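**Q** Following the hints, position chain G against chain W.
Residue numbers (this note's numbering), protein chains in the order written: chain W, 1 to 232; chain G, 1 to 146.
Worth flagging that the hints you see were computed from the coordinates, not collected in a lab. Predicted model, so just to flag it, every value in this text is computed and none were measured. Hints are not guaranteed to be accurate.
[As the list claims (entries may be wrong)] Okay, derived cross-link-like pairs now, DSSO-like style, lysine-lysine, Cα gap no bigger than 30 Å in a straight line:
id, chain 1, residue 1, chain 2, residue 2
1, W, Lys229, W, Lys21
2, W, Lys154, W, Lys171
3, W, Lys171, G, Lys45
4, G, Lys71, G, Lys45
5, W, Lys11, W, Lys154
6, G, Lys52, W, Lys113
7, W, Lys113, G, Lys60
8, W, Lys52, G, Lys137
9, G, Lys52, G, Lys71
10, W, Lys52, G, Lys52
11, W, Lys200, W, Lys21
12, W, Lys52, G, Lys60
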Amino acid sequence: MMLNFLINPNKFNILADIIFKPLLIIAFIILILGLILVYYSPLDYQQGLTVKIMYIHVPSAWLALLTYAIMTIYSIVGLAFKIPFSFIINKAIAPIGAIFTTLCLLSGSLWGKPMWGTWWVWDARLTSVAILLIIYVIIIFLNQTFESREVKEKTVAIFILIGSINLPIIKFSVDWWNTLHQPASISKLSSPSIDISMLKPLLVMTIAFSLIGLIIAILRIKAEILIRKRDL
Amino acid sequence: MSLRFQRLILILITLIVLGFAIILILFNTKQNIIFFYTPSELIKKDINKDTKIRIGGYVKESTFKKISLNKYEFKITDNNYDLSVIYEGILPDLFREGQGTVIEGIVNNNNIIIANRVYAKHDENYMPSSIKKELEKNNQWKKKYK
Numbered sequence: 001m002m003l004n005f006l007i008n009p010n011k012f013n014i015l016a017d018i019i020f021k022p023l024l025i026i027a028f029i030i031l032i033l034g035l036i037l038v039y040y041s042p043l044d045y046q047q048g049l050t051v052k053i054m055y056i057h058v059p060s061a062w063l064a065l066l067t068y069a070i071m072t073i074y075s076i077v078g079l080a081f082k083i084p085f086s087f088i089i090n091k092a093i094a095p096i097g098a099i100f101t102t103l104c105l106l107s108g109s110l111w112g113k114p115m116w117g118t119w120w121v122w123d124a125r126l127t128s129v130a131i132l133l134i135i136y137v138i139i140i141f142l143n144q145t146f147e148s149r150e151v152k153e154k155t156v157a158i159f160i161l162i163g164s165i166n167l168p169i170i171k172f173s174v175d176w177w178n179t180l181h182q183p184a185s186i187s188k189l190s191s192p193s194i195d196i197s198m199l200k201p202l203l204v205m206t207i208a209f210s211l212i213g214l215i216i217a218i219l220r221i222k223a224e225i226l227i228r229k230r231d232l
Numbered sequence: 001m002s003l004r005f006q007r008l009i010l011i012l013i014t015l016i017v018l019g020f021a022i023i024l025i026l027f028n029t030k031q032n033i034i035f036f037y038t039p040s041e042l043i044k045k046d047i048n049k050d051t052k053i054r055i056g057g058y059v060k061e062s063t064f065k066k067i068s069l070n071k072y073e074f075k076i077t078d079n080n081y082d083l084s085v086i087y088e089g090i091l092p093d094l095f096r097e098g099q100g101t102v103i104e105g106i107v108n109n110n111n112i113i114i115a116n117r118v119y120a121k122h123d124e125n126y127m128p129s130s131i132k133k134e135l136e137k138n139n140q141w142k143k144k145y146k
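In isolation and in its complexed conformation, chain W is listed as follows (with noise of 0.2 Å):
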């Protein structure tokens, strides 16, 4: 099958031995591609140069998000049919969920003083980013908590899966609830509320933090089979 890679750790590794080089490579174009559309993106008509901390808000938030999902997705799999692959990339991916997350408040703050005019509001779409950054820390440290692996395995994955009943509540707060955000600019794929000249260096940073979250997926999931190796 072509997919084995996603739920076998030996045929991870060969492919990404065969895919890392030439994806840092990609990544580094792309970042720079990204950097370079955001210098030369035009202003605001509102907001003026501000603007230009969505282009690491955005993004961030977005792989926040992500990589919450897969982590929901492995646990049911991991759950269900009882691949052992699924626990080691939970594990190895978290930490990098809760750095986008960090990413995502911190620029948010950034950006909401000079135009809200507050750093923090406990709005329902904040306060709820805020509690998966929670979530986040918990399955860190849960997953250094248990003696027994398996049980920490379940425990974990466990806990993913209650905490993943956040995951619509941040997509859809700032619809269902009175917020300071703003609702989403790119909902509707036909018309996004947003110009195709800020829309394309979004786009574009978006890859490239999506690479560079895979880079980093990719060694940590590679380091996380090396210590299983080594427990057998």
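**A** Structure of chain G alone, referenced to chain W:
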């Protein structure tokens, strides 16, 4: 049905039930979760004097007045009801007439809101300033972008 698919279905059902429970809790505590009331919601609701509330809406056109150096008076509206606001302090950069805003303060006896915090709220539209000029030149500028 194999054991693994039974487990899969069990997990999915658990998640759905758990999600449903959380959604029920969230919707029944909506009053505590929303960040602000709109003026219409506020008028329907009886608000005690001297309780801190947040109100969100637009700064009504041509109601913004400067009383003294950093004391301002304006009306906040949701196009149904208006409320008068007095605020003393620094306004955020984005604050202007027609712009979304959230204010935090107390209602006084004359039904005027004495704000102690003013936030600017911006919407989900992003556009280069050059395009705005272009649109204005051709009279294509739509109010809804504001």
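**Q** Is W/Lys52 within 30 Å of G/Lys137, Cα to Cα?
**A** 26 Å, holds
**Q** Given the hint that W/Lys154 pairs with W/Lys171, test it: the Cα-Cα distance must not exceed 30 Å.
**A** Distance of about 27 Å is within 30 Å: holds.
**Q** Regarding the pair W/Lys229 and W/Lys21, is the alpha-carbon distance no greater than 30 Å?
**A** 24 Å, holds
**Q** Below or equal to 30 Å on CA atoms is what counts here, so check G/Lys52 against W/Lys113.
**A** Satisfied, since the Cα-Cα distance of roughly 22 Å is no more than 30 Å.
**Q** Given the hint that G/Lys71 pairs with G/Lys45, does the C-alpha gap stay at or below 30 Å?
**A** Answer holds: G/Lys71 to G/Lys45 is near 28 Å, not above 30 Å.
**Q** Does W/Lys154 sit within 30 Å of W/Lys11, going by the straight-line distance between their CA atoms?
**A** Holds, because 24 Å separates the two Cα atoms, which is no more than 30 Å.
**Q** Compare the distance between the alpha carbons of W/Lys200 and W/Lys21 with 30 Å, and conclude whether the hinted pair is satisfied.
**A** 26 Å, holds
**Q** Are the Cα atoms of G/Lys52 and G/Lys71 separated by 30 Å or less?
**A** This hinted pair holds, its Cα atoms lying about 20 Å apart.
**Q** What's the verdict on W/Lys171 and G/Lys45, does the C-alpha distance respect the 30 Å limit or exceed it?
**A** Holds: W/Lys171 and G/Lys45 sit about 29 Å apart, inside 30 Å.
**Q** W/Lys52 and G/Lys52: Cα distance at most 30 Å?
**A** 34 Å, violated
**Q** For a C-alpha distance cap of 30 Å, please report whether W/Lys52 and G/Lys60 respect it.
**A** OK: W/Lys52 and G/Lys60 at ~29 Å, within 30 Å.
**Q** Take the C-alpha atoms of W/Lys113 and G/Lys60, compute the straight-line distance between them, and say whether it is at most 30 Å.
**A** Holds, because 23 Å separates the two Cα atoms, which is no more than 30 Å.
Checked against the numbered hints listed earlier, the structure breaks hint 10 alone; every other hint is satisfied.
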